[in-house]
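Asks: Here are the chains, one letter per residue:
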Amino acid sequence: MADFLSQFMPAWLALIIQHVVVGAVLVVFALTNMLGITWIERKVIGRLQDRIGANRAGPFGLLQPLADMVKILTKEDITPTAASRVIYNLGPLLVVPPALLVFAVLPFGAGVSGSDLNIGLLYIFAVASTSTLGILIAGWGSNNKYSLLGAMRAVAQMVSYEVPQALSIIGIVMLSGSLSLQQIVQRQSEIGWFVLLQPLAFVIFLIAAMAEVNRTPFDLPEAESEIIAGHHTEYSGLKFGMFYLAEYINVFFISALAATLFLGGYQIPFVPANNPVHTILGPFVLIGKTFAFVFLTIWLRGTLPRVRVDHLMGFAWKALVPLCLLNIFMTAVLMPLVGLWSANLGISEAYIAIPVMLLANAVLAGLVLWWAGRSTRRRETRLAEQVVPAQ
Amino acid sequence: MNVFLTSIFVIVSVITLVGALGVVMARTVFASGLWLILSFAGVAGLYVLLEAPFLAAAQILIYVGAVAVLILFAVMLTRRVMGDPGVSQNNSQWGAAAVVAALMFIVLSLTSVQNWRPSTESPPLLAVNALGEAFLGPYLLPFEIVSVVLLVALVGAIILARE
Amino acid sequence: MVESVPLGAYLVVAAALFAIGLYGALARRHAIAILMGVELMLNAVNVNLVAFWRYLSPANMSGQVFATFIIALAAAEAAIGLALFIAIYRSRDTVSVEEVNLMKW
Numbered sequence: 053m054a055d056f057l058s059q060f061m062p063a064w065l066a067l068i069i070q071h072v073v074v075g076a077v078l079v080v081f082a083l084t085n086m087l088g089i090t091w092i093e094r095k096v097i098g099r100l101q102d103r104i105g106a107n108r109a110g111p112f113g114l115l116q117p118l119a120d121m122v123k124i125l126t127k128e129d130i131t132p133t134a135a136s137r138v139i140y141n142l143g144p145l146l147v148v149p150p151a152l153l154v155f156a157v158l159p160f161g162a163g164v165s166g167s168d169l170n171i172g173l174l175y176i177f178a179v180a181s182t183s184t185l186g187i188l189i190a191g192w193g194s195n196n197k198y199s200l201l202g203a204m205r206a207v208a209q210m211v212s213y214e215v216p217q218a219l220s221i222i223g224i225v226m227l228s229g230s231l232s233l234q235q236i237v238q239r240q241s242e243i244g245w246f247v248l249l250q251p252l253a254f255v256i257f258l259i260a261a262m263a264e265v266n267r268t269p270f271d272l273p274e275a276e277s278e279i280i281a282g283h284h285t286e287y288s289g290l291k292f293g294m295f296y297l298a299e300y301i302n303v304f305f306i307s308a309l310a311a312t313l314f315l316g317g318y319q320i321p322f323v324p325a326n327n328p329v330h331t332i333l334g335p336f337v338l339i340g341k342t343f344a345f346v347f348l349t350i351w352l353r354g355t356l357p358r359v360r361v362d363h364l365m366g367f368a369w370k371a372l373v374p375l376c377l378l379n380i381f382m383t384a385v386l387m388p389l390v391g392l393w394s395a396n397l398g399i400s401e402a403y404i405a406i407p408v409m410l411l412a413n414a415v416l417a418g419l420v421l422w423w424a425g426r427s428t429r430r431r432e433t434r435l436a437e438q439v440v441p442a443q
Numbered sequence: 002m003n004v005f006l007t008s009i010f011v012i013v014s015v016i017t018l019v020g021a022l023g024v025v026m027a028r029t030v031f032a033s034g035l036w037l038i039l040s041f042a043g044v045a046g047l048y049v050l051l052e053a054p055f056l057a058a059a060q061i062l063i064y065v066g067a068v069a070v071l072i073l074f075a076v077m078l079t080r081r082v083m084g085d086p087g088v089s090q091n092n093s094q095w096g097a098a099a100v101v102a103a104l105m106f107i108v109l110s111l112t113s114v115q116n117w118r119p120s121t122e123s124p125p126l127l128a129v130n131a132l133g134e135a136f137l138g139p140y141l142l143p144f145e146i147v148s149v150v151l152l153v154a155l156v157g158a159i160i161l162a163r164e
Numbered sequence: 442m443v444e445s446v447p448l449g450a451y452l453v454v455a456a457a458l459f460a461i462g463l464y465g466a467l468a469r470r471h472a473i474a475i476l477m478g479v480e481l482m483l484n485a486v487n488v489n490l491v492a493f494w495r496y497l498s499p500a501n502m503s504g505q506v507f508a509t510f511i512i513a514l515a516a517a518e519a520a521i522g523l524a525l526f527i528a529i530y531r532s533r534d535t536v537s538v539e540e541v542n543l544m545k546w
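Chains as they are written, first to last, in the working numbering: chain A, 53 to 443; chain B, 2 to 164; chain C, 442 to 546.
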């Protein structure tokens, strides 16, 4: 597009216009999907709780997101008198941009993405890590102890779960030899979807991602039964809307990222990567896979109770991180062997890699579960022995 | 294109320096921390202009996402009179410090009047791969030492901060 | 890139950043503010390293390698420094460097 436009205007202006248009398309895409997700969440949670869910605004309550939006926009905008005005208003402003910026590198088809960065995955983690700042600033700016507690919980949780989230995808980076999301999707057409090669990493990634976007069962930062609403206690109207928006866009993006990294992104199963059908159906396939993950997050929200604070941190550092390191080690040992065997036997890499990796992951998972079960039983017997019998 | 890149460089530099000035001028430590984030982001912009995207991403990930958050966190945990704007944030030697800093700036700026001859080479196409090979090739020993230092820092920070 | 901004411009920006960081480290009373000054100086050094890498020897990755080392060590330094400040705050109830004077006599 820049080439076409540069016939009429200087090159730099054409470049700017191209980036603005691409950015606007991505933002609109994210926002429409976010509205859809809020509706789906209400309906699905309703069904899980044996209710009907939203059903008043429009057919099947389809206009409910718009009604919500109107409600949020017309609410009174309050600034607490004790809050420092600049910092208080800065918080919500800093939460939304990272949620939208990450869409720039998401591949919707072969060669179709906002910008195919060489360091795509690193870019995603870098931008996503800045969303903690907005929460921290919001918590401090509100000048409310519950806000501050919520913000501290959020930051501790997000910083901790960033580690297993980043470590879990190292295996993928090793298998595809690139940080570019386009290349990672390409590689999955050669070697098989990474959910088959890295099932453990897949599970860890999902858990860490849920914690990263503060979804139940990891919604401690806004645990309403303990600390009112955490960092958005003092926010109303549009400013609360910003937090709400960022949260759902994050859910959508994390789902899309999981689909891209582990489920082959825009690829249709059993259709060769160079088949032209991908250029037409690719984006829709990606959205379909994404919504499967969105449904999973809603399902988990409807099923699991909230985790306790100390359990949360211990789980990240004592369970997920060591498991990630084991997974990286296993991948590093097995992948050269797989390459060697497929070269010697003359079989395609995928046919050897998938069974070998599945078996290794199953053995590792079995060992870890056995060890975890044994140590838990030991601790429980020790605790039971310590209990002093009642007089 | 020339003017375009130059103006971007000027904007990013101004952001960096204004952020840095904010850090040393702000009346509360929390505000200093916020200015620091701006300055870090500006430095990341300079890395992008210098065609080092890996470092730019690392800068955002480590400085903005971790170090700045850690600093703000520590400010929250250690607040008392210092958070109150009535107390001066500067000590008695700030005048001398300003003179020293100005002299330092003059001395360091003298490097820029040298006649540097830029190389005509361009950076490797896959700079990240080249960087990785440098880490595991000629710089293997420092790389391992840095990892050990990080491990020691991790253990040390936990031991120091726990009650 | 190389033709639109001279190397000297980067060096001046880095020098200014370093000087501001130095002033912050020398003139502030709050220990965390001093740490911020140190971080600014480390960033200035990094800008210099990367600028020299890009302009003088782009084919050799040493500049970026050392910039990465500095980022890693700065992160370690920040973690240790802040842990120390929190420990000091627990025992002395202040983090002003002028009031932490146990070792003075």
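One thing to keep in mind: the hints can contain errors.
[Stated by the list, open to error] Away from chain B, derived, C-beta distances all over 10 angstroms, residues of chain C: (1) N542; (2) L543; (3) M544.
[What the hints assert, rightly or not] With beta-carbon atoms standing in for the labels, derived distance ranges: (4) C:V538 / B:R163: 19 to 27 angstroms; (5) A:A371 / B:P125: 34 to 42 angstroms; (6) B:G157 / A:R429: 33 to 41 angstroms; (7) A:A424 / C:A450: 52 to 60 angstroms; (8) A:R103 / B:L126: 30 to 38 angstroms; (9) A:V215 / C:S498: 55 to 63 angstroms; (10) A:G340 / C:V538: 56 to 64 angstroms; (11) A:P321 / B:F5: 28 to 36 angstroms; (12) B:P125 / A:G398: 41 to 49 angstroms; (13) A:A424 / B:L6: 17 to 25 angstroms; (14) B:F5 / A:V420: 25 to 33 angstroms; (15) C:S498 / B:G157: 18 to 26 angstroms; (16) A:A371 / C:E540: 36 to 44 angstroms.
Honestly, the hints are just simulated from the structure, not real lab data.
Please read these numbers as outputs of a predicted model, since none were measured by experiment.
Quick reminder that beta carbons are idealized off the backbone N, C-alpha and C, glycines included.
Asks: Does each hint fit the structure? Answer for all of them.
Replies: Now the hints, each set against the structure:
Against the 10 angstroms criterion, C:N542 stays outside the reach of chain B, whose nearest CB is about 13 angstroms from its own CB. The Cβ of C:L543 lies farther than 10 angstroms from every Cβ of chain B, with a closest approach of about 17 angstroms, so its non-interface assignment holds. Here C:M544 stays apart from chain B, with its beta-carbon at least about 17 angstroms from theirs, past the 10 angstroms limit. Judged by the Cβ atoms, the range 19 to 27 angstroms given for C:V538 and B:R163 holds: they are separated by roughly 23 angstroms.
The beta-carbon spacing between A:A371 and B:P125, approximately 39 angstroms, falls within the hinted interval of 34 to 42 angstroms. Between B:G157 and A:R429 the C-beta distance comes to about 34 angstroms, which sits within the given range of 33 to 41 angstroms. The supplied range of 52 to 60 angstroms is met by A:A424 and C:A450, whose beta-carbon atoms lie about 57 angstroms from each other. In this structure, A:R103 and B:L126 break the distance hint of 30 to 38 angstroms, their C-beta atoms being roughly 57 angstroms apart.
Checked against the hint of 55 to 63 angstroms, the C-beta distance between A:V215 and C:S498 comes to roughly 34 angstroms, which is inconsistent with it. Between A:G340 and C:V538 the Cβ separation comes to about 59 angstroms, which falls inside the hinted range of 56 to 64 angstroms. Taking the beta carbon of each, A:P321 and B:F5 are about 45 angstroms apart, not inside 28 to 36 angstroms as hinted. A hinted range of 41 to 49 angstroms is violated for the C-beta pair B:P125 and A:G398, which are about 34 angstroms apart.
Distance hint check: the CB atoms of A:A424 and B:L6 are about 55 angstroms apart, inconsistent with the given range 17 to 25 angstroms. For B:F5 and A:V420, the Cβ-Cβ distance of about 54 angstroms falls outside the hinted range of 25 to 33 angstroms, so the restraint is violated. Separation of C:S498 from B:G157 is about 36 angstroms and departs from the stated range, judged on CB atoms against 18 to 26 angstroms. Checked against the hint of 36 to 44 angstroms, the C-beta distance between A:A371 and C:E540 comes to roughly 42 angstroms, which is consistent with it.
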